[in-house]
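Take the given structure of chain A and dock chain B to it, following the hints.
For the record, the sequence lines run as chains A and B. Per the numbering used here, the very first residue in the first sequence carries number 1; after that it's consecutive. Per the numbering used here, the very first residue in the second sequence carries number 1; after that it's consecutive.
Hints listed in this document are in silico derivations from the structure and should not be mistaken for laboratory results. All C-beta atoms in this analysis are idealised placements derived from N, C-alpha and C, irrespective of residue type, glycine included. Please note that the accuracy of each hint is not assured.
The calculated label-pair distances, taken between Cβ atoms and stated as ranges, are [unchecked claim]:
1. L250(A) <-> R170(B): 36 to 42 Å
2. A191(B) <-> G240(A): 31 to 37 Å
3. S91(B) <-> G247(A): 26 to 32 Å
4. R125(A) <-> G41(B): 40 to 46 Å
Number of protein chains: 2
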Amino acid sequence: MTPSPRIGLDIGGTKIEGIALDPAGDIVARALVPTVPGPTGVLQASGDIVARLIGESGLARAEFAGVGIGIPGQVDRATGTVRNAYNMGLSSLALGPELAAAIDLPVSVDNDVTAAAVGAASIMRLEGTVAYLNLGTGLAAGVTVDGAPVRGADGFAGEIGHLAVDPRMRPCPCGQRGCLETVASGSALKAHWPAGGEHPGRTLNAAVAAGDADAKQALEYLIDGAAQTIRVLGLTVNPGAFVVGGGLRLLGAPLFDGIRAQLAEWAAASEFIAALRFPERLQVLPEGSPAAAIGAAIAVNE
Amino acid sequence: MTPSPRIGLDIGGTKIEGIALDPAGDIVARALVPTVPGPTGVLQASGDIVARLIGESGLARAEFAGVGIGIPGQVDRATGTVRNAYNMGLSSLALGPELAAAIDLPVSVDNDVTAAAVGAASIMRLEGTVAYLNLGTGLAAGVTVDGAPVRGADGFAGEIGHLAVDPRMRPCPCGQRGCLETVASGSALKAHWPAGGEHPGRTLNAAVAAGDADAKQALEYLIDGAAQTIRVLGLTVNPGAFVVGGGLRLLGAPLFDGIRAQLAEWAAASEFIAALRFPERLQVLPEGSPAAAIGAAIAVNE
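Chain A on its own, in the form it takes in the complex:
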C-alpha cells in the first residue's frame, strides 16, 4: 500500500458503502448511502459519499491519492468503464473518468468481487495464493497472489458461477444450463425455496430446523455448489486459503459445516484430494468487514 490516504467505494444494487483509509491503511471514515439506479444517480451518490468521507476524515481533498471503486458487471479497468451492471441500471458508463471529473481526484474501477478478494486478503492478512468466493445474489470468485488480483484479460476473471457443471441443468440467465450459480447463490436459493421470499438467507436456517423439505434441499444444493466451486479453484490455482464472503456466509455453521463435510468426503475418497487440505483451508470473512471497499481503496494507483 502506498503511503497516501485513499478512498474506497463498494457500489452495490441497494447501497454504496464507502471508507477512507489513512496512510497506514486504517479506516478513518466510513459511510453508507442508498444506491440511486441509473448513470446520473450512481455518479451523484458516489460524489456525495466521497465528499462526506473526505469531510469526516479530517484530511484535505488534495492529500488523497484517489478513489477506488468496486462495482458488479464487466469492468474495463484501463478506461474505467463498467458494462452490464443491470441491477443498478447501468448498461455502459465511463464511471472512472466521469466521477474523476466531478470530484477532482483520480478514480480507478474494479469488479466488486475482485476488489473484495483484494480486501479480504488484506483484512485477513493472507499471503500467497488466495481464492475468495462470493456467495451473494450471484456466485463469483477472485484469486489474489500476495495481495494482487489475477484480473484476467477483459474483466471476466472469477466468473466461475457460469461454469456449467450441474446435471440438473437448470437454465441460467447467461444462456447456459446447469451453471454453478443456478445451484449455489442467493438467486438459486429463491428458485429452490420459493417460500423463503425476497431474502431467503434470513430465514433459511430456521426453516431447515423446523423440517421444511424445500429449505433443506435448497441448503443442500448451496453446500454442494460451494464445495464444487472450492474444488475447481483448488485444482486450478492451489490456494493456501479459501475465504468465503457475500451475504449468504451469514448462514454460518449449517452452511460451513456442510461444505466442510462435503470436502472431507471427497478427501476420504482420494489421497490426492486429501493432500490439497480443502476443509482446513476454508475461512469465513468476518461479519461487517467492508472487504470490497477496502480492496478498491488498496487498488488505487496500483
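Leaving out everything else, chain B in the frame of chain A:
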C-alpha cells in the same frame, strides 16, 4: 530475465532436454539425454547434461546464474524437493540441493507444467493472463500473469486434470472418478483406443481417417475434455490466450478444429460465453519448442 546466462532442464520420464540461454535469453546450447530412472540416475544424468551445455556454450561455469529444472510430480520450490514423480522412479528427492552440491551452481526446481507455462508465454511473447494446457500422458495446466507463474500454496497448481467432471465416471489413479485426465490425455487415449498401442497419438489421425470407430470415439473424448478444460480455466482466471502444449498437440488440425468447434458451439448457446472469445484465443505451442526447459531457465533466481 536477469542479464546472466542460465541453464534449463526439462526432466521427463524418457528424456532430459537441456538448453543454455545467453544473457539476452537466446539459446546458445541444446542437448538431449535419456532419463535413467531412480535418484542416482536422475542426478547423474542431470549433472552430465549441465556439463555438456556449459562446454557447448563457450562460457565459464562461474558465469552462469544457475540451473532451473522442470520435473513432473509435486515440487516444493522452497526446498527443491520433488515427490511422487513415479514415472522416473522418484518418490522423494531433494533434487535442488543434491544437484547444486554436485555441479557447484544454484539450482531451482519447478513442476514441469509450471515451467512450460512460463516458457510458452516467453516463446510466444504473451503478456497478461495466459493459460497453458499440457496434453501429454496426463492433463495439467499452468497460469501465468505477465510471464510469472501462479504457483499456488504447495505445488498442486494446475492439477486441473483431476477435476472430476465426466459423467462416464471412469476411475482415475488419483482415487476419484470421471477426472478430466480420464477423458483428455495420452493415458485416456490408450484406455479408449487400445488398438493404438503404446503411442496412440502417432497413428490416431490415420485410424480416424480410415473409419476406426474406437479411434474416432477416443478423439471425440479428447476434444471434449480439452474444451471443458479451457472453459474451466477461462471462467476462473479469464486468460487472454490459451496455449496448448504437450505431445498430443501434434495431432494438429483434427484435434484443434474439433476443440474450436466445441468452443464455438458453447459460444453460440450463450452470449456470455461468446464474450470470452475462447475459439480465437486458442493457440498451439510450435513443434520443437523446448518450453519447459526455457521456462525453468527463466525461473532461476526469480
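Structure-based check of all given hints:
1. L250(A) <-> R170(B): 36 to 42 Å: The hint (36 to 42 Å, Cβ to Cβ) holds, given that L250(A) and R170(B) are roughly 40 Å apart.
2. A191(B) <-> G240(A): 31 to 37 Å: 34 Å, holds
3. S91(B) <-> G247(A): 26 to 32 Å: Because 46 Å falls outside the window, the suggested range is violated.
4. R125(A) <-> G41(B): 40 to 46 Å: 44 Å, holds
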